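**Q** Sequence:
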Amino acid sequence: MMNKMIVANLANRPVRSVISIAAIALEVALILLIVGFSIGLLNDSRSRQAGIGADVIVLPPGASNIVGLTSAPMPVKIGEIIAKQPHVAVVSPVLMQVSTSGGHLQNIFGIDLHSFEALHRFTYLKGGTFQRDNVILVDDIYANGNHAKVGDTVNLLNQNFRICGIVTHGQGARIFLQLSKLQELNGATGRATAFYIKADDPANTDAVLGEIKSIPHMETYGVHSMSEYLSMLTPDNIPMLSTFIRIVIGISVTIGFIVIFQAMYAAVMERTREIGILKSLGASRFYIIDAILRETALLAVGGIIVGILISFATSATIEKRTTLPVDITSAWIIRAVVISIIGSLAGAIYPAFKAAQKDPIDALAYE
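First residue of the sequence shown: 14, per our numbering; consecutive thereafter.
Any given hint could be a false lead.
[To be verified] Quick list of in silico lysine to any residue cross-link-like pairs, SDA-like style, CA-CA up to 20 Å:
| hint | residue 1 | residue 2 |
| --- | --- | --- |
| 1 | 90 | 307 |
| 2 | 97 | 127 |
| 3 | 226 | 98 |
| 4 | 139 | 166 |
[What the hints assert, rightly or not] Okay, the calculated beta carbon distance ranges per label pair:
| hint | residue 1 | residue 2 | range |
| --- | --- | --- | --- |
| 5 | 146 | 347 | 35 to 41 Å |
| 6 | 139 | 259 | 42 to 48 Å |
| 7 | 126 | 343 | 25 to 31 Å |
| 8 | 32 | 56 | 32 to 38 Å |
Rather than coming from a laboratory, the hints here were simulated on the basis of the structure.
Please read these numbers as outputs of a predicted model, since none were measured by experiment.
Ideal Cβ placement from N, Cα and C applies to all residues, glycine included.
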């Protein structure tokens, strides 16, 4: 009986019900999409770093954990010293540059092709390797997202390049230039952002770490095994990312709380006579509170379902039209559901208690 009354109340005020559901849907979608985008970028960076095939990475002193956001203060000659260590098989210097060409955020690698492929060879889907210095390699995700093909011209860093090959994704960046060309464009001749190192045997990774750290003046550099480095690519280890996520959640909860509070408070005021009738018929305070909270919960469930559907639809659209990953996980769906329900019920508590405290005589006399 109560459930039928609740559904009837919501149907009797369709505009308010739709606005409340939309606000909760916005709350859920905001959490899932922004958190999913942040975590998606982080997970994508982790998987692409793992795909390079290195055992050790060397970064400049004070470098960010997210490669590509680091400047290029290291002389390439440091790599020559590292290469002389007993258990080092390959040293590949990489210069990194973040580009916003074409309205997309892209991480570009300037690579020494011979040493980079010694870590893990590219799988060429179309075209071939560098033949001139004004050509680039792109991965298949970039090619699909930008409808690019071999022979197309791409403007990067205010210069036109021709795509000479398309490779399988997952090896550091989406766009690759020759190291010398990117050094020239950046004014960073003879310098690199990171060194990727392969040991003569993966079992000797710790030995390589010790050898590099024992080189004079290398104690301030970031020398990590790839397993250690990849374990640091979490939201808690990225400056301000955890704070950003908490701010997004706070804003989302505030939106849901305010809208639900306004909707339920207005509903209580409009139903003063109805509440008086219910109380005169013997309805307890708990019955009134239960009815208001059930109505709120029904709105929350509707908003959550709509918000999740919007999130997945938007995520699919973003990934189809860009190269940006959005990782919506089941764990964050559960968190978003819990946060939305708690925020909605919190917004309805005061209106519910206000309704329960109404005197039936005054309520019946209300016009």
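**Q** Does residue 226 pair with residue 98 here, judged by a C-alpha cut-off of 20 Å?
**A** Given pair residue 226, residue 98 holds - Cα atoms ~11 Å apart, limit 20 Å.
**Q** Going straight from one Cα to the other, do residue 97 and residue 127 come out at no more than 20 Å?
**A** holds, 18 Å
**Q** Between residue 90 and residue 307, does the CA-CA distance stay at or below 20 Å?
**A** Cα-Cα ~69 Å, so violated.
**Q** Taken at face value, is the distance from the CA of residue 166 to the CA of residue 139 at most 20 Å?
**A** Within the cut-off at roughly 16 Å; holds.
**Q** Between residue 139 and residue 259, is the Cβ distance one that fits in 42 to 48 Å?
**A** This hint holds: roughly 44 Å between Cβ atoms.
**Q** Is 25 to 31 Å a correct range for the gap between the Cβ atoms of residue 126 and residue 343?
**A** Roughly 40 Å apart at Cβ, these two residues miss the hinted range, so it is violated.
**Q** Using the C-beta atoms of residue 146 and residue 347, is the stated range 35 to 41 Å upheld?
**A** violated, 51 Å
**Q** Within 32 to 38 Å: is that where the Cβ-Cβ distance between residue 32 and residue 56 falls?
**A** Given a distance of about 35 Å, which is inside 32 to 38 Å, the answer is holds.
Hint compliance for this structure: hints 1, 5 and 7 are not met, and every other hint is.
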